[in-house]
Amino acid sequence: MATIAPPEPKRSSGSGGNEARLPPLDGYGGDDGRGGPAGLSLRRYYTGMWFALAPIVMLFTAFTSAYVVRQGLSQDWTSTDLPSIVWWNSLILLASSGAMEMARRKARGIAGRSRSGMVAWPDLSGSLRRWLLVTSVLGMGFLAGQIEAWRQLARKGIYLATNPSSSFFYLLTATHGLHLLGGVAALLAITALVARRLTPGRRTGVAVTAIYWHFMDLLWIYVLLLMTVLR
Amino acid sequence: MSEHHAHAAGHEAGHAAVHAAPAGFVRKYIFSLDHKVIGIQYYLLALFSVFLGMFLSLLMRIQLAWPGTHIPGLGTIAPTGGAGGIMTPEMYLSLMTMHGTIMVFFVLTTAPQGGFGNYILPIQIGAADMAFPVLNMLSFWVTFLGLITLLAAFFVGAPLSGWTAYPPLSAIGEIAGPGQGTGQTLWILSLALFSGASLMGALNFIVTTIDLRTRGMKFMRMPLTCWAWFITAILALLAFSVLLAAGVLLLLDRTLGTSFFIPAGLVVNDQLLPHKGGSPLLWQHLFWFFGHPEVYIAILPGMGAVSQILSTFSRKPIFGYRAMVYALMGIGFLGFMVWGHHMFMSGMSPYSALAFSVLTTAIGVPSAIKTFNWIGTLWGANIRLTTAMLFALGFVSLFVTGGLSGLFLAQPSIDTYFQDTYFVVAHFHMIMGVAAIFGIFAGTYFWFPKMFGRMMNESWGRLHFWLTFAGVYAIFLPMHFLGVVGNPRRYSQMTEFDFLKPLSGTHVFISVAAIITITSQLIFLFNLFYSMRRGPKAPMNPWNCTTLEWTVPSPPPHDNFGGNPPPVFHGAYEYSVPDAAEDYVMQTDSRTVVAGGKH
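Those protein sequence lines, which keep their order, are chains A and B. Final position of the first sequence in this note's numbering is 361; the numbers increase by one with none missing. Final position of the second sequence in this note's numbering is 600; the numbers increase by one with none missing.
Do not rely on the hints blindly, as some may be mistaken.
Unchecked claim - Covered stretches of chain A (chain B as the covering partner; in silico rule of three or more C-beta atoms under 8 angstroms from a C-beta of chain B): (1) 223 to 235; (2) 268 to 274.
Stated by the list, open to error - For each label pair, taking beta carbons as the anchor points, the in silico distance ranges come out as: (3) A:Q205 x B:A84: 28 to 34 angstroms; (4) A:R281 x B:P558: 57 to 63 angstroms; (5) B:V27 x A:H344: 35 to 41 angstroms; (6) A:G228 x B:P23: 41 to 47 angstroms; (7) B:V359 x A:S209: 48 to 54 angstroms; (8) B:V366 x A:V187: 25 to 31 angstroms; (9) B:V366 x A:E278: 45 to 51 angstroms; (10) B:F26 x A:S214: 54 to 60 angstroms; (11) B:N565 x A:V187: 37 to 43 angstroms; (12) B:D271 x A:E278: 42 to 48 angstroms.
Since the hints were derived computationally from the structure, they do not count as laboratory data. Since the model is a prediction, treat every value here as computed from it, not as a measurement. Even glycine gets a Cβ: it sits at the ideal position worked out from N, Cα and C.
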């Protein structure tokens, strides 16, 4: 397998003369692989994931401001009692984050070994797959629980348009659920890929999926807080 | 992430991201992953949209100058709104809505960022492609889908509620008027698709700029174009998700009976609506929190291109490079804090209005820095008046004209009078409309040789410039006076009002100017397509410019640098360097030492 270590930079002799000199590789915030073939660095996956969280934050900020304004300006706001199942769902989601963290650490462990030229440990790779599957199953369990929460509300006659509070309950849970569904899809995809062959790119895939998954967890806690504190 | 990840992971990812040159027609030109093809796709989409948008404005101007006149063919293309060739007021409003939406989103947001940004940014920073090529392709095709969805509204009745879609009009459905049923729903879906596409695009721009710069391309060596695209992408990333949120709420109000925006006790056409307790002002806040940054999303890339072009054709370094960067940041930052100036008349507290007013006026500071530095760049320069340069100068002129009227509108007391008059129409067309369009034209004449490998015709270009430059002033300058008199916007005819009757001559003048200006755009269209096929072959660096896109063939090969991106040694604007062999020093020039240059 070809190595892709970037070429050693020719450094300036310091005389400031006219001889060709390559600018230094380090020292201004970028990474070594810059400018090579676009994929030389995997840093972009991390950068991309962190920045991808920004619009999600803005989406929920917009909903929050609508929530606060809508609650403040009318007399028709009736607090919606959260269905009891959402607390169980929250536990499931927290557990899934734990499983995701285990998977992330397994993936990182394997990366460390293969870099020194050793063959990845098959048992680690197996447990990585298992933890990923556990995360997906817990994620789907959470989503099923959220649907059950909607059904509980609906049985009490509380629908989307019943009152503004219930509108926001359905809106926020659905928006969060859709985002989590995307996370589950990503998890299943990365699990399938990892099962076929564990490559460095796929390890990165596990790591950035973990960022997203933990963020979904935090976002759910935020949604819960919003709907319990500002009832 | 730890370092060893990057190294160990390189092979696989490199394989995935640096895609091989595609073979078949479909993969090469339709579902292409190449940022250059995608850039041209965006550009052509915007080109189609701008001519469609201009055609709609042409119909509106005919109606405004000669109200109720018979327009040949109108009955055929619009059997309901234009029956018998006479335009109904409802049709006028639908034309206005579609004109605004098409122009703001599918032209002003699409061409400068999606078009030029996609094509030029990766090359200018020395990358083989965008960071996520598949995402890039996806963002174009979702934009395309958004346009198709919007155009579909023409066939079911286009909405009437303007590009701002204020509720309750936009929220209550068919009962509000023709086009407010399916047409308005399609409008919302179109904007939701567009928002999603813009988010994907913005993410790609940001990551590309941060992670894919070549060796030596420090942030402070980037061309100002890259800075402008980068900051625009950040604005888009933060603003479009808010539009998306507003759109979701509006859609729920329309289709599932919620009451986010619709107040209680609303009676429309003698029918009491079942909604209760919502607030139309909530929509205005959400919309303008997006809407004002959107103005800068449209104009910042133009500022970047104009800085690049002014410096190149003045053969001088851009005056105050760092100040230009910080001014871009300042405009972007302040842009998020001024949305309330669109709502002075909504009954907001005078104290809030004061705060929004002060912040809005504060945008004048970075804007003035930019203008001052552009003039500083031109000062004492050996100016080459190419067509690209003419359009860049035109941009500065229009930016100043449009910006100054903004200072009037930023005062709540003056805005109270000017609200919803032609003064506002004149202001935003000057600065957001034609100034940004001039940025696009400047970019087209400047980068065309790189994009298509041939030169555009300069004589036709100059003719196009002078007709357009005189034309847009002839159209929009008189509108200020209409606004001072109190001529309201969005009216399909003014003949009903005695105080507006003396203004009919001005409306005729504006319409004639508009017809001439729109017609003269055919010169541009002809020049563009003729030069693509028949123009003289373009050399690698026809303008003697310093940035990286001019170090590769015209047009550049599939992966830009043949897998070997050059290291960078200089800032982007080293012109007229003393003792240098030429009057410009390429960013990749390792032999020339620039005293006081950006090392």
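Hint-by-hint comparison with the structure:
1. 223 to 235: violated (count 0)
2. 268 to 274: It is violated: at least three residues are needed, and the segment 268 to 274 of chain A offers just 0 whose Cβ sits closer than 8 angstroms to chain B.
3. A:Q205 x B:A84: 28 to 34 angstroms: Because 46 angstroms falls outside the window, the suggested range is violated.
4. A:R281 x B:P558: 57 to 63 angstroms: holds (58 angstroms)
5. B:V27 x A:H344: 35 to 41 angstroms: This hint holds: roughly 39 angstroms between Cβ atoms.
6. A:G228 x B:P23: 41 to 47 angstroms: holds (44 angstroms)
7. B:V359 x A:S209: 48 to 54 angstroms: Once the Cβ atoms are compared, 39 angstroms apart, the range 48 to 54 angstroms for S209 of chain A and V359 of chain B is violated.
8. B:V366 x A:V187: 25 to 31 angstroms: holds (29 angstroms)
9. B:V366 x A:E278: 45 to 51 angstroms: Since the Cβ atoms of V366 of chain B and E278 of chain A sit about 56 angstroms apart, the hinted range of 45 to 51 angstroms is violated.
10. B:F26 x A:S214: 54 to 60 angstroms: holds (59 angstroms)
11. B:N565 x A:V187: 37 to 43 angstroms: holds (39 angstroms)
12. B:D271 x A:E278: 42 to 48 angstroms: Given a distance of about 44 angstroms, which is inside 42 to 48 angstroms, the answer is holds.
Consistency with the previously given hints fails for numbers 1, 2, 3, 7 and 9, ordered from lowest to highest.
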